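Visitor: Use the sequences and the hints to build the structure in full.
Residues per chain, in single letters:
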Amino acid sequence: MEDAARLLQLVVNGAAAGCIYGLIALGFVLIYKATEMVNFAQGDIMMLGGFFAFSLIAHFGLNYWVGALLAIAATAAFGFALDAVVLRRVIGQPQFAVVMLTLGLGFMFRAAAGITWGYDSVGFTTPFTNRTVHLGTMVLGEDSVSIIVGTVLLCAALYVFFSRTRLGIAMQAASQNQLAAYYMGIPVRTIFSLIWAISAGVAAVAAILLSPVSMIDVNMGFLGIKAFAAAVLGGFGSIPGALVGGIVIGIVEQLAGYFLPAGFQEVTSNVVLLATLILRPQGLFADTLRKKV
Amino acid sequence: MSLFAAQELAVRFGGIKAVDSVSFEVRQGEVFAIIGPNGAGKTTIFNLISRIYNPTSGRLMFDGQDITTVPPYRIAGLGIARTFQNIELFSNASVLQNLLIGRHCHARASVGSQLLFLPSTRRAEVSHREKVEDVIAFLELERYRDTLIANLPYGVRKIVELGRALCIEPKLLLLDEPSSGLNVEETEVMGFWIEDIKKDLGITVIMVEHDMSLVSMVSDRVMALNYGRVLAMGTPAEVQGNPDVIRAYIGGEA
Amino acid sequence: MRYLFKTRYQQDLALMRHGGDRMSYGLLLVVLLLIPAVLGEFYVGELGAVFIFAITGVALMLLIGYTGLVSLGHAAFLGIGAYTNAVLLEKGVPFVITLPASGATAALAGIAIGIPTLRMSGLYLAIATLAFGSIVGTVFQKWTAVTGGFDGFAVPTPTIFGFPIEGATGVYYLSLAVLLFVLWISVNLLRSPIGRAMVAIRDSEVSAQSMGINLSLYKTIAFAVSAGMTGLSGALFAHYVRFLAPDSFDILLSIQFVTIVFVGGLGSLHGAIFGALFVRLLPQAIAIVRDYLPSAIGRMPGLEPSIFGLILVLCILFEPAGIYGRWQKVKLYFNSFPMYRRTSFRRQRAYARSERLR
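So the sequences go chain by chain: A, B and C. Per numbering that gives the first Met the number 0, the first sequence starts with residue 0, numbered consecutively. Per numbering that gives the first Met the number 0, the second sequence starts with residue 0, numbered consecutively. Per numbering that gives the first Met the number 0, the third sequence starts with residue 0, numbered consecutively.
A portion of the hints provided could be inaccurate.
Distance ranges between label pairs, derived from CB positions [stated by the list, open to error]:
{"#": "1", "chain 1": "A", "residue 1": "A274", "chain 2": "B", "residue 2": "V69", "range": "30 to 38 Å"}
{"#": "2", "chain 1": "B", "residue 1": "Q64", "chain 2": "C", "residue 2": "S215", "range": "38 to 46 Å"}
{"#": "3", "chain 1": "B", "residue 1": "G154", "chain 2": "A", "residue 2": "L178", "range": "23 to 31 Å"}
{"#": "4", "chain 1": "C", "residue 1": "S215", "chain 2": "B", "residue 2": "M60", "range": "22 to 30 Å"}
Partial list, computed: chain B residues near chain C (C-beta under 10 Å) [said to hold, decoys possible]:
{"#": "5", "residue": "F23"}
{"#": "6", "residue": "I51"}
{"#": "7", "residue": "Y72"}
{"#": "8", "residue": "I100"}
{"#": "9", "residue": "G101"}
{"#": "10", "residue": "F116"}
{"#": "11", "residue": "T120"}
{"#": "12", "residue": "I167"}
These aren't lab readings, by the way, just hints derived from the structure by calculation. None of these values were measured; they are calculated from a predicted model. Ideal Cβ placement from N, Cα and C applies to all residues, glycine included.
Guide: Encoded structure:
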């Protein structure tokens, strides 16, 4: 009984961490599906979102909910501008150039954040900090629960947006066939910038949900590497896949930390990633495509 | 005597039979054309012969040898060269380098001797270069020798791709739509090259082609395909007069 | 402009195109040999580091620029070379053996990662090598019995036939020699069938296969050669830093290496050298400029990485051909003055793959 409860708690904590990975991975996938770019700066955009929230809530003393919403909006605006000013120029260039470009942007974001907010870890109090929920014999941190609930709500909202609203459907169309969407009168370039805005906004949500669990610092963007594992596990083109992948990675990581010797937890996500790619070189849920000759 | 034979060749992608029990033989020294409407499975047959696809059933015989399970990179060494519908040249390399890559299946130098560029490698390189220069002279490509493929006009690229295939010194040459993207004049020139390849070099040619004028000009025998099945086989005139073939091209159930 | 009349096929296989090349490269070598006699210890050390990075740059150029396989995990090979060298030296093995052994160990590691990743396409390969790099980085930290973990590892001074290789000058000459060797090997590769097979794989895998190129074999060779060269560079790196810390072989270092290739200019060995010069000397240049800036800007701690990132971004946006590409344009401008046309270098598809993963 004791063991089962312990195990369940590990799974819940893992799922909470996994939701964060999944949300970052969601950002990768949205952008990838639309523009064929892989944004290596996604983790750093999340970091910026975290710092925006910190400034608004801890520094200017805004209410948590107001501050969080403003921070999400600010990060989304930042994502929109990033695409409109920089990334739009490299559409059609080789993927690798885009990888290097976003890596370079990541460097700049980290440096800019360091200059603005300093290199120390910071945090702000949230309504969920240090509170617990009792579920039968289980004691769960409200922070973990809030992450899971927040992710579920966000995903539901995104699902409704993409399947029910005009703009969401236009985005799907632009992702599937740019030219056809363009001929149907969809402003494809603006749509792409909006997709960048959404994925930046999602990253900001991830940072805010994460803030009761871990501090915000300049290097938190490296979480993005674990999110790669999630995205690859999910097949890189699939939004539910990214979330499931993230949760799997999160849980496996927790279990590895508990059952395996020290040091294994850190490499878990990478080992899972490599193993996935070796077994299914095209990703787990993707169909194998071959260049036509 | 037949140089190449496909026996009951079939391949399916999912539920679609792209090629459905196709059998044909190609005789030594002839030009054999495969025609048919779009999606008839012509290029798929080429991809099966060059082993890019695995056949679902059937056998491929070449030069008295079963090549159905040979890995794709061995095909060139056996003496089968091919060109591609939309040109698959190495576009960031020069014409000379592209043609030298055609000599790859004849390279025998070990990794070590290449790393150190031993005299044996140097001698081999010079002899490859001599063979390549023969092809350059044959196809009159001298003025493009050091030009990057990316900077060449389309028509010249087609000739370079043909040259790269010739550098393999093949017994059998597969030409996938040699006239696609060429104007009338260039197509006629291509026809002359194909005739020269057959007469002067004695290479057997299988070609997939849409342009009936080119087919009539160069081919000895023609096979018409539709929906992956053989419709007709014979001389160009016979096949062109075949009512099934006409129906497949014009459409309708008449 | 110089017009070259070729009369023998051998001329296309020669290392130097003409007397002028021999002259300028010879002069460059003489200058490089004399530098330690002229410049101070610090600058000699920094130039030595440039050579070490240039070796890795050349190695990565073969893999990324010529074979089209992107690796974001080359710091791991550098680390494997560095630790192999240091551990063997500690055990009393002579340096003339430990240096090639470092290269060989790294090459084996390259084969080990090359074979399972053979079927992966561009982007997945980049992510897989990233994961490999960070796994190896963690191994360095946790395998304390060999690497000493976070206590670090003091690298013994190497001796070649009784002569100790000491200080910045020793490392400088040693690195220069290894760099020349690596360049010679690379040029040899590029003018033989292996090099052409690599280029073929980069530009079209399907057609490379139809030309008789065994994709698996040549990708593995490319990985092995590249990792091996990086291992050599790692052995030298150990002597440059003299004290190995397990966290120095991280993702940021791998990214720096890829930056060398990218900023230098994909698809040219010159580019690798230019890139290494850029990546190693930029921090020095910033340090010098910093003193002349108003202290509010000059004292900012994030100045260096932000400029690094900015230059990377600007380079990709405005000069995808890299420093070497720009250099060639400038050269052509002067050679053909006043006839230069802007369209002489129409932008062409760069040397990286773009394959959509769905």
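Visitor: Could you run down the list of hints and mark each one as holding or not?
Guide: Do the hints match the structure? See the list:
| no. | hint | in the structure |
| --- | --- | --- |
| 1 | A274/A x V69/B: 30 to 38 Å | holds, 32 Å |
| 2 | Q64/B x S215/C: 38 to 46 Å | violated, 23 Å |
| 3 | G154/B x L178/A: 23 to 31 Å | holds, 27 Å |
| 4 | S215/C x M60/B: 22 to 30 Å | holds, 27 Å |
| 5 | F23 | violated, 21 Å |
| 6 | I51 | holds, 6 Å |
| 7 | Y72 | holds, 4 Å |
| 8 | I100 | holds, 5 Å |
| 9 | G101 | holds, 6 Å |
| 10 | F116 | holds, 4 Å |
| 11 | T120 | holds, 6 Å |
| 12 | I167 | holds, 7 Å |
In this structure, the earlier hints numbered 2 and 5 are contradicted, and the remaining ones agree with it.
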